[in-house]
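One-letter residues, chain by chain:
Number of protein chains: 2
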Amino acid sequence: MLKLSQIFARKRTPQETQSWTGAALAPSFIILITAFALWFMPPPTGLEVSAWHLLIIFLGTIIGIILKPLPMGAIATLGLSLCVITNLIPLQQSLSSFSSPIVWLVLSAFFIARGFVKTGLGSRIAYYFMTFLGRSSLGLSYGLVLTDFFLSPVIPSNTARGGGIIFPIVQSLSNEYGSSPNTNSQRKIGAFLTQVAFQANLVTSAMFLTAFAGNPLAAKLAKEVGVIMNWGTWAIAGIVPGLVHLALLPLFLFFIYPPTLKKTPEAPELARKKLKEMGPLSFHEITMLLIFALLLVLWIFGGNFGVEPTTAALLGLSLLLFTGVLSWDDLLQEKAAWDTFFWLAILLGLAGALSDYGIIKWFGSGVENFVGLLSKPVAFAVLSILYFYCHYFFASGTAHITSLYVMFLIAIVSTGIPAPLATFVLAVFASLSSGLTHYGTGAAPVFFGGNFIPVRTWWRLGFLCSLLTLLVWSVVGGLWWKFLGYW
Amino acid sequence: MLKLSQIFARKRTPQETQSWTGAALAPSFIILITAFALWFMPPPTGLEVSAWHLLIIFLGTIIGIILKPLPMGAIATLGLSLCVITNLIPLQQSLSSFSSPIVWLVLSAFFIARGFVKTGLGSRIAYYFMTFLGRSSLGLSYGLVLTDFFLSPVIPSNTARGGGIIFPIVQSLSNEYGSSPNTNSQRKIGAFLTQVAFQANLVTSAMFLTAFAGNPLAAKLAKEVGVIMNWGTWAIAGIVPGLVHLALLPLFLFFIYPPTLKKTPEAPELARKKLKEMGPLSFHEITMLLIFALLLVLWIFGGNFGVEPTTAALLGLSLLLFTGVLSWDDLLQEKAAWDTFFWLAILLGLAGALSDYGIIKWFGSGVENFVGLLSKPVAFAVLSILYFYCHYFFASGTAHITSLYVMFLIAIVSTGIPAPLATFVLAVFASLSSGLTHYGTGAAPVFFGGNFIPVRTWWRLGFLCSLLTLLVWSVVGGLWWKFLGYW
Chain A
910 MLKLSQIFAR KRTPQETQSW TGAALAPSFI ILITAFALWF MPPPTGLEVS AWHLLIIFLG
970 TIIGIILKPL PMGAIATLGL SLCVITNLIP LQQSLSSFSS PIVWLVLSAF FIARGFVKTG
1030 LGSRIAYYFM TFLGRSSLGL SYGLVLTDFF LSPVIPSNTA RGGGIIFPIV QSLSNEYGSS
1090 PNTNSQRKIG AFLTQVAFQA NLVTSAMFLT AFAGNPLAAK LAKEVGVIMN WGTWAIAGIV
1150 PGLVHLALLP LFLFFIYPPT LKKTPEAPEL ARKKLKEMGP LSFHEITMLL IFALLLVLWI
1210 FGGNFGVEPT TAALLGLSLL LFTGVLSWDD LLQEKAAWDT FFWLAILLGL AGALSDYGII
1270 KWFGSGVENF VGLLSKPVAF AVLSILYFYC HYFFASGTAH ITSLYVMFLI AIVSTGIPAP
1330 LATFVLAVFA SLSSGLTHYG TGAAPVFFGG NFIPVRTWWR LGFLCSLLTL LVWSVVGGLW
1390 WKFLGYW
Chain B
910 MLKLSQIFAR KRTPQETQSW TGAALAPSFI ILITAFALWF MPPPTGLEVS AWHLLIIFLG
970 TIIGIILKPL PMGAIATLGL SLCVITNLIP LQQSLSSFSS PIVWLVLSAF FIARGFVKTG
1030 LGSRIAYYFM TFLGRSSLGL SYGLVLTDFF LSPVIPSNTA RGGGIIFPIV QSLSNEYGSS
1090 PNTNSQRKIG AFLTQVAFQA NLVTSAMFLT AFAGNPLAAK LAKEVGVIMN WGTWAIAGIV
1150 PGLVHLALLP LFLFFIYPPT LKKTPEAPEL ARKKLKEMGP LSFHEITMLL IFALLLVLWI
1210 FGGNFGVEPT TAALLGLSLL LFTGVLSWDD LLQEKAAWDT FFWLAILLGL AGALSDYGII
1270 KWFGSGVENF VGLLSKPVAF AVLSILYFYC HYFFASGTAH ITSLYVMFLI AIVSTGIPAP
1330 LATFVLAVFA SLSSGLTHYG TGAAPVFFGG NFIPVRTWWR LGFLCSLLTL LVWSVVGGLW
1390 WKFLGYW
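Order-wise, the sequence lines are chains A and B.
Using my numbering, read the first sequence as starting at 910 and increasing by one per residue.
Using my numbering, read the second sequence as starting at 910 and increasing by one per residue.
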């Protein structure tokens, strides 16, 4: 059955409670010693000493985030403190990102997402789709995809959405059909549903500014190079390739990785039973639904009458508190929200400082000379595909964005590709590429932990799905963005 | 024995997990309806409509914080959202306090305080003082006072300090001497130690900017009327009356509320046994101690070489993370820190907006006319004593400061009393007055919950202690501040 607390407990424990481990000490010392040596070297031509020092701290932080000797938040805190202590960034400015509306949009959305889990509305939606899509394994998988899609605009943690709401339903369904790793019957239906739900989770993450915590980071970084991606423009650019991708994904996996159980005539009945157990919509569920609708309306149309997305989110959060759907303690317990709040704000602050010090401009002019040798479309294709497959080295879309986004963006734009196009493609590629491995994003270890799919198969499927991803987003996306005038 | 987790669990549960309760609905509706009616009334002379609206939201928030239909953070979030939605405060400005260095000083200090509890260093210090002060009940009580004093500069939650570190030791000592509510032997020693530790906790809270979360709030508000209170000036102004008060307090309570057990010859031995059980200082305890020393040095002297207190705190926090004394998860779990961070920042933001809208000036000019009728010293005495005893209506020093601090400050200053003097007196009175009741501050219910002292006695002792407080801080404080040139 649905064991949300267990899922979350398992998911968070390994990385969050981690302190220093022996294995982490070696890389940490190498980073520190290298950074210390570089600190006293003369800066490269075109960079002032202070900019050089900031770059060293920034790169040290990035490498720390990738190697993870400590959790991301701790590494970011160290990076921030170093910048302040060395007077590279004044204290007040270093903290200024903590009042950035984009950071507050993410924080509020995390809290709002808790309401879907707490009220049970998320599960109810999944069971509802099952009642009319559940007659076959394929239909069931579409039900999961639809649920994820429906929740994605308002749940910026793909881990909470995929791991917290969808995965328990996958487990519950697999149990019902006797598909389990214990009885060696993973391929019956569990493995198929797991992979569809996991890959779809990453597609929806790419479709809305508020569907994945890394997206606002990309949007903020894009602003540094002069491209505005707000909630509306993101949703419009993403909706067509995203929907096509979601429509094809279950079919594609049904073809390359079919479940042995094709018909599931009892599923709609099971879903109806579950819905019956749940009883009619509770007051809190109805409230949640109304606030969700209000939020969507405000996010889509609010700009016309001066309501910023963050204002809308704060309003939604206030209403949830006021109506008692969420208690204050629910917010305080939402550790993932505070974690994200912390590192997101610090990374934004550091990235902003890089720009202030002229480091991004300096890097850009260096890259221009180099990439100028390639023709425009070839350079775009090579760089964006390279960017995509770099995700083999990342355990989070956010780390991917923080480390590589601006560099690749500058490189691609310098070839003459329109900036809005490159900005959006790289932004969505960060989440779309997270399906390559079983550690590529927070939701991955949760789904993988269901033990339905062996690791080699997981990687093979991840690679095959990445081909579908690149095909859909280049062909359908390309045409759609042409139509929208992006190029 | 020391049951820290239980203490914290019990302390937080009642108010933090609270959602709407029947009893809270009535006052909430009265507030809402009143506010709604006032909203459409014409503003008082001298206030613009927008300032009037802001004042209504602010007062509604304050009354909400006092009546507590929801926890303070939830009320503050509602107040903030209302201001943003009604366009009274622009979104970006409304969030700006979240990057206020003073808020970050408090947040960091909360995290640092966790290190004292986690490493066991707090308890070790208490046992250490016991080994050479513990021969008598009076000596034991001085040991507790010294421990609290020693920890106060770095633990801004008097609840964590008093409730988390000192109270478990009070319980442990009372157990050892067979003083327990179960055997009707409270007066043997437990009741006496409880009351000394509780009252001393509030004295130390008044002595350092970082000893109580409300202090930075007072300092920030004081800035609005042009008085700077930084870490150093606060400590200097508070140290003499504070130490005299701490020296007299155990004697005073020993005289008016004596323990029946006067001699405790076994206590030093017991403490030595506990210390032996603890073994030698662990690596983490030594690290904690060194970082604590570094922090004190930087807070006291850092201003001379440009290190702000918040920078020092961030450095200390980073070192604790880096050395593994604190894990990242310790920070995320520190709910009280996030709670304080949230409401403190919002209240600061609202208070700042009141000033921007000219409301404080408007209120001040109104009060001046009224208070001008009293002579200078009489007005000061009457107003500050009134401010002190208002705490019967408050469950937290911070609520006291938020609601009344600026008003009383303006009123007193308008009589001609020097602003720095009035500013400091009112600031320390907020914590000093918290000992009046068994609910006056977060630590109060913890100590009271030990069940050593019946409620009527608690109030009687609170009142008697308040006379000592007023005597010490007016006579000793008055002379000291004269010497420092405050008046």
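Treat the hints loosely; a few may be bogus.
In silico DSS-like cross-links for lysine-lysine, where the CA-CA straight-line distance does not exceed 27 Å [as the list claims (entries may be wrong)]:
id, chain 1, residue 1, chain 2, residue 2
1, B, Lys-1244, A, Lys-1244
2, B, Lys-1391, A, Lys-1244
3, A, Lys-1270, A, Lys-1285
4, A, Lys-977, B, Lys-1027
5, A, Lys-1027, B, Lys-1391
6, B, Lys-977, A, Lys-977
7, A, Lys-1097, A, Lys-1182
8, B, Lys-1171, B, Lys-977
Please keep in mind that the hints were generated in silico from the structure rather than gathered at the bench.
Are the Cα atoms of B/Lys-977 and A/Lys-977 separated by 27 Å or less? Outside the cut-off at roughly 42 Å; violated.
Between B/Lys-1391 and A/Lys-1244, is the straight-line Cα distance small enough, at 27 Å or below? violated, 49 Å
Is the straight-line distance between the alpha-carbon of A/Lys-1027 and that of B/Lys-1391 27 Å or less? Violated, at about 59 Å.
Hint check: A/Lys-1270 vs A/Lys-1285, CA-CA at most 27 Å. Holds or violated? Answer holds: A/Lys-1270 to A/Lys-1285 is near 20 Å, not above 27 Å.
Proposed proximity, B/Lys-1027 with A/Lys-977 (alpha carbon, max 27 Å): Roughly 23 Å between the alpha carbons, so the hint for A/Lys-977 and B/Lys-1027 holds.
27 Å limit on alpha-carbon distance, applied to hinted pair B/Lys-1171 and B/Lys-977: Violated, at roughly 42 Å.
Satisfaction of hint between A/Lys-1182 and A/Lys-1097, Cα-Cα up to 27 Å: holds, 23 Å
Does B/Lys-1244 pair with A/Lys-1244 here, judged by a C-alpha cut-off of 27 Å? holds, 9 Å
Hints 2, 5, 6 and 8 from the earlier list are contradicted by this structure; the remaining hints agree with it.
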